[in-house]
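Colleague: Those protein sequences? They're chains A and B, same order as listed.
52 is the number that full-length UniProt numbering gives to position 52 of the first sequence; each next residue is one higher, with no gaps.
258 is the number that full-length UniProt numbering gives to position 258 of the second sequence; each next residue is one higher, with no gaps.
It is possible that some hints are incorrect.
[Said to hold, decoys possible] From the structure, some residues in chain A lie toward chain B, with a derived Cβ separation under 7 Å:
#1 R55
#2 A74
#3 I142
#4 T143
#5 A145
#6 E178
#7 M179
#8 L190
#9 E213
#10 N219
#11 E292
[As the list claims (entries may be wrong)] With a cut-off of at most 27 Å between alpha-carbon atoms, the simulated DSSO-like pairs for lysine-lysine come out as follows:
#12 A:K107 <-> A:K135
#13 B:K113 <-> B:K140
#14 A:K5 <-> A:K107
#15 B:K24 <-> B:K611
#16 B:K140 <-> B:K107
#17 B:K395 <-> B:K190
#18 A:K36 <-> B:K24
#19 A:K135 <-> B:K24
#20 B:K614 <-> B:K24
#21 A:K107 <-> B:K24
#22 B:K140 <-> A:K5
#23 A:K135 <-> A:K36
Rather than coming from a laboratory, the hints here were simulated on the basis of the structure.
In this text the structure is predicted, and so the values were computed from the model without any measurement.
C-beta: ideal position from N, C-alpha, C; glycine also.
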Amino acid sequence: MTVHKGRGFACINYPIGMNLGGDPSQALVHSTPDGKFMVSLSSIDLGQGMKSVTRQIAAETLGVPVADVYVDTADSDTGPHCMGSFASRGTHRVGNAVIRAATEARKALLEAAAEELEVNAADLETDGQGNIHVKGAPTRTITVADTAIAAQFKQGRTLSGRGIFLIPPSDVDPDTGEMTPVSCFAHAALVVDLEVDDETGEVTVNEINSAYEVGRALNPRLVEQQLIGGAWMGVSHALYETTEPYYPDRNHGPEDFNAYLMPGPGEVVDHNIAVLERPAEDAPFGGKGPGEMCANPVLPAIANAVYNAVGVRCDTLPITPERVLRGLLANGGARPQGVR
Amino acid sequence: MSSVEFRKDLFREERDDNLQEIGKPTRRQDILGHVTGRSPYYDDHLFDGLLHMRCVRSPHHHARIRSIDTGAAERMPGVIRVILARDVPNNLNTLLSLINFGKDEEKLIQDTKVAYVGEPVAAIIAETDRQARDACAAVKVDYEVLPHVLDPEEALSPQAPVVNEVYPNNTFDYHDLYDHQKLRFGDVDKGFAEADHIVEGEYQMSPIEQAPIETCGAIAAPETNDRYVCYTSTQALFFSLGTTAKLLDMPSSRLHFIGGTVGGGFGGKVDSIVEPLSVLGAVLAGRPVKFMWDRTEEMQVGAPRGAERWRIKDGVARDGRILARAFTGFFDAGAYTRLSSYAIIKCSAHLPGPYTIPNVAANVFCVFTNRTPATAMRGFGITGVDFAIECHMDKVAEAVGLNPIELRILNAYRDGDMKPHRRLAKNTALIECCQVAAQKSGWSIGAEAARQSSLLGGGGPRAEIPETVTDMAGQIGERRRSVIPTAPGEGASARGNVPAGTQGIPIVAAAPQDEDMIMDPSRTGYRGPSSTPTRIPEAAIATDTRPQAAAPASPPPPAARPGPVAPSGSSQVLQPALQPALSPPAPQASPEPPATAPQPPAPDAASQPYKPEKPFSRGVNRPGVSRFLSGSRRR
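Modelling step: build the complete structure from the supplied sequences, incorporating the hints.
Modeller: Encoded structure:
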C-alpha cells in the first residue's frame, strides 16, 4: 500500500440572481415612535444570515446604529412580496429593495429633523450613532429618537419608506441563446491538497487554499462561515454524497444519515481563505452573495488532484473508493503525475 | 487549522471602505435563539387537536393505476380523512407557472399513472402519525406496471416509454420550437478546423440531496374569518402561497403564510408540495394538520439536485488558447419539470465558464425519466457544468503541456469581453483569484501569468460578436420520429447565419419608482470601475523559473476575421483606455516599483479588516477514533 499526494486546481465564476420571468423583491421600513426602525420583508433566513445582512444594509442606509434596526420577515399578512431565497438573489435583490426603502425613510427622517432644527434637510447628516446634526456644526444636533417623537406626536409625519427592486423579464433567443441572464458574477479559485491510498481507494483531503471574490463582504464573519461551510459541502459532493450511488440505477439509494455519507466533524478540511472584494455596480454596497458559489470549485479541484496523485481521471461523481480502485485497476496501478 | 484574510489591497480604488455598519462582523440578529434552541421553526408552533398527514406512495417506477381501495384504511383507528386526487380542486400545476414558464403537468396526488417511485396516490389524515402510517399501509392500489426509462439518453430514443404525457417526447419544450436550449456564438466547426488539438471529455454529476436537518413540512390550521394559516419551512413564501391558492382554487387572501426561519434549505424547500397538502388537509378536516416529511421521504421522494451528463469538445491552439468549445448537456429532470427547465436557461448563459472563447455552441436537454423529480440546489444549474468545465480544463492543460493555472489565466475572461450570451463582461476578477490562490498555496506560475489583470487586455476585438452559424436540428417531436444526434450542429438539415454584431437590448434593473428612493451615490460605497490594476505584488507569487513549454500567457486573439469589422453598437461602451488584445500589458508600464514585501503596508488599527478572534478549527481526527464522531468545533 502506498499513499500518494496530489494537488489540484479549479476556478469558477458564479452568476447572481434569476430573471427569466422577472425577479422582484420588496421591502418596507418604518420607525417606531422612539426612533427604532423595523424592516418588513417576506424573505427567508435559511441560516445564511438574510435577516442580519438586510439589517446592516438598512442601518447603513438610514445612518443609524444596527442595534436600532430589527428585521421582521416572512409573514404574508405584513411582509411585502419577495420571490424567495434562492439563486444567490437574497443579498442582491432584497438588499437593493431595502436600500430604496431605507433611503425614502431616511429622507423623511432628515426632513422631520430639519423642521425641528429649523434648517434645510440637505444640510443635515447622520453620525451613525443615533444623532442628526448640521454639516460642519456638530453642536446643532438632535437625536433620531427625538426626531421620531416629534414626527409622530408633533408634526404628523411618518418616517417610513417603500422599496422594490426588479430585474424585468429577459427573453431568450431560441436559436442563439441570447439573453440577459444575471446581474453580476462572483469568482473563486482554489488549490486542493489531498492523499489517495492506492490499496483502499480512499481519498483524504488535507488542505484547501482559496481565493473568493464576493463583491463586498457585507458581514465578514458571515462570509467566513459561508466559505468554510461551502467548502465542506464541496468536499462532501466530491467524495461522498449521492441519492443514487449507481446512477442511473435507482437501487441502493440511501434513506437516512447512516447511509447518506457526509464528512464528519473530524473531516472538515483545513482551509486558508483569501477574500477579495471587487464591488459590483448595481449590488448593495457592491456585495454579490457568496452563498451558492463557494462549493463549486471544490468538486473539480478534488477530481484534478486525484488525477495528479494516482493518474485516475474521475469524471463521474462522487469519487468513491470503488471508483478510484476501478480506475487504478484499469491503469494497472497508480501513476503519479508529478509534484506541483 | 484554518485561516481567513481579507485582501483589502486588491480593487481598493473601486471601494469606499469607510462605512458605518457594512463590513462589520456584527453578530447575527437571530443567532442567540438558534444556539439556545429557542428560535421558533414551523414545527415549534403547537395546536390543540393537531392531526397528522402521511402519503401512500408508488412502489413502481412507472405504472398505470387501475383502482385504489381505501375502504380498510378509512376504518382504521384514528383515521379522520383519506384524500384522493378528486379532492384536489385544481389538480394540475407546474411550479414555474407563477412566472408563466412551462405547462401544467404535475398532479398533487396522482390518480391515473405514477411516473416515479414515491409519487403520492393518496394522503391520509389521522390523530397520530403512527395511525396515519398504519392506514397508508392498508390502502390497496391495483397497478399495471409499465416499462420505464431511467437513463436520460435512452429516454430520447424513439422507442422510449412516455414518462410525462404533457411532454410526450420526454423533453421539455423550449420556446415552442426545440427539444433543447441552444447557445450559438461564432462557428465551432471552423474553430475545430483551426485547432492543433481536439480535447473531448464526458462528465457525470451525481444526484444530490439537499439534506437539511429540518425536513420539509408545514402545519396548516383554520383561522377565524374563513382563512387558513400555514406555518411552513418554505424557501419562497409567495411561491408556496401562490401554488397553494392555485391548486386549491382559493383566493390568496384566504391564505396566511408564516415562515422565515428555516432549518436549512439549500434549494430543497422551493417546490411547494407540503404547503398545499397541509392546507387541503385543514380545509377537509376542519382541524390543524401537520404534513412533515420523514427522513426517507426527504432523501428519496423530496426533489434532489438532478443528475447531469456533459460532453465537452474543445479545439485548442498549440499555445493553449481555446479556439472553440462545444457542449452537449443532459439534465435529468425526473418525472416532472419542477425547476430543471429553468436551471438549463441559467446554465446556458453561464457557458463556456469564465473564459473568453471565440466560438461556443451548446445543446442542453431537459429530459424526463422515471425517477424522483429534480429541483433547485445550491449552485443551481451551475455546479454540475462547472465540475465538467474545470476537469476539462486540466485535460486541455495536459494536452498542451501548460501549468493548469496559467492555462486558466491565459483563457480567462476580462472586463469588456463579449460573452456567448451576447452581453459584455464587467466587474471580472477571475485572474486575481487564480493569482491569489496560487500565491497562498505556493504553486508556482510564470511571471507573465502573474502580471495579468482582469482590468487589462479585454475588450477591443474581444468585445465583438462574430458571425454565428445556427441550425434548426431538434425541433419538438423530431426525435420521436427518428434518431438524430444530440451534439450542436450535428444532424442539422438546415443551417443559418446570424450576422456579426447582432445583439438585442440588455435588460437592466427597473429604475426606482420615486426619486426619494435613490441613495446619494457618495453613500453607496462604490467608486466605479478602475482601469488601473491593483496588481498582486510579484514577489508574493512563487514564480516558476523552469523553462516554459508554451508561449507566454497573453490574451487570446479573436477568431480570424475577414478584414476589419466596423465597431458594433456594443463595443462603443468600451473604455478607450483598454489595451488592444494582441499587445499584452508591458511590464514597464506597471505602476508599482518592484515590490519587496509580500503584503502592502499595514493600515492603522482602526481600519484593519476583520480577522476572526479564533481561527476555525476542525474536530476529532485521531487514529482509531470514528471520523464521524463529533468533536469540539473551536478549541
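Colleague: For each hint, tell me whether it holds in the structure or not.
Modeller: Each hint tested on the structure:
Residue-level restraint check for A:R55 holds (minimum Cβ-Cβ distance to chain B is 6 Å; threshold 7 Å). The restraint placing A:A74 at the interface with chain B holds, with a minimum CB-CB distance near 3 Å, inside the 7 Å limit. A hinted interface residue such as A:I142 counts as satisfied when its beta carbon comes closer than 7 Å to some beta carbon of chain B; here the least separation is about 18 Å, so the hint is violated. For A:T143, the suggested interface contact is broken, since its CB lies about 16 Å from the closest CB of chain B, more than 7 Å.
The restraint placing A:A145 at the interface with chain B is violated, with a minimum CB-CB distance near 18 Å, outside the 7 Å limit. Interface hint at A:E178: satisfied, since its Cβ lies 4 Å from the closest Cβ of chain B, which is below the 7 Å cut-off. Checking A:M179 against chain B by beta carbon gives a least distance of about 5 Å; that is within 7 Å, so the hint holds. For the restraint placing A:L190 at the interface with chain B, the shortest Cβ-Cβ distance is roughly 5 Å, inside the 7 Å limit, so the hint holds.
For A:E213, the shortest C-beta to C-beta distance to chain B is roughly 4 Å, which falls under 7 Å, so the interface hint holds. At its closest, the beta carbon of A:N219 sits 6 Å from a beta carbon of chain B; the interface hint therefore holds under the 7 Å criterion. Checking A:E292 against chain B: minimum C-beta separation of about 5 Å stays under 7 Å; hint holds. Under the criterion of a C-alpha separation no larger than 27 Å, the hint pairing A:K107 with A:K135 is consistent with the structure, at around 16 Å.
Our distance criterion of 27 Å between C-alpha atoms is met by B:K113 and B:K140, whose separation comes to about 15 Å. In summary, the hint linking A:K5 to A:K107 is not supported, as the alpha carbons are separated by about 60 Å, beyond the 27 Å threshold. Restraint check for B:K24 and B:K611: satisfied, since their Cα atoms lie roughly 11 Å apart, inside the 27 Å limit. Proposed proximity of B:K140 and B:K107 is supported: the alpha carbons are some 20 Å apart, at most 27 Å.
Simply put, B:K395 and B:K190 have alpha-carbon atoms about 21 Å apart, close enough for the 27 Å limit, and the pair holds. For the hint pairing A:K36 with B:K24, the CA-to-CA distance comes to about 20 Å; that is within 27 Å, so the pair holds. This hinted pair checks out: A:K135 and B:K24 have alpha carbons roughly 25 Å apart, not beyond 27 Å. The suggested pairing of B:K614 with B:K24 holds, with an alpha-carbon distance near 17 Å, which does not exceed 27 Å.
This hinted pair checks out: A:K107 and B:K24 have alpha carbons roughly 24 Å apart, not beyond 27 Å. In summary, the hint linking B:K140 to A:K5 is not supported, as the alpha carbons are separated by about 57 Å, beyond the 27 Å threshold. Using a Cα cut-off of 27 Å, the hinted pair A:K135 and A:K36 holds, with the two alpha carbons roughly 23 Å apart.
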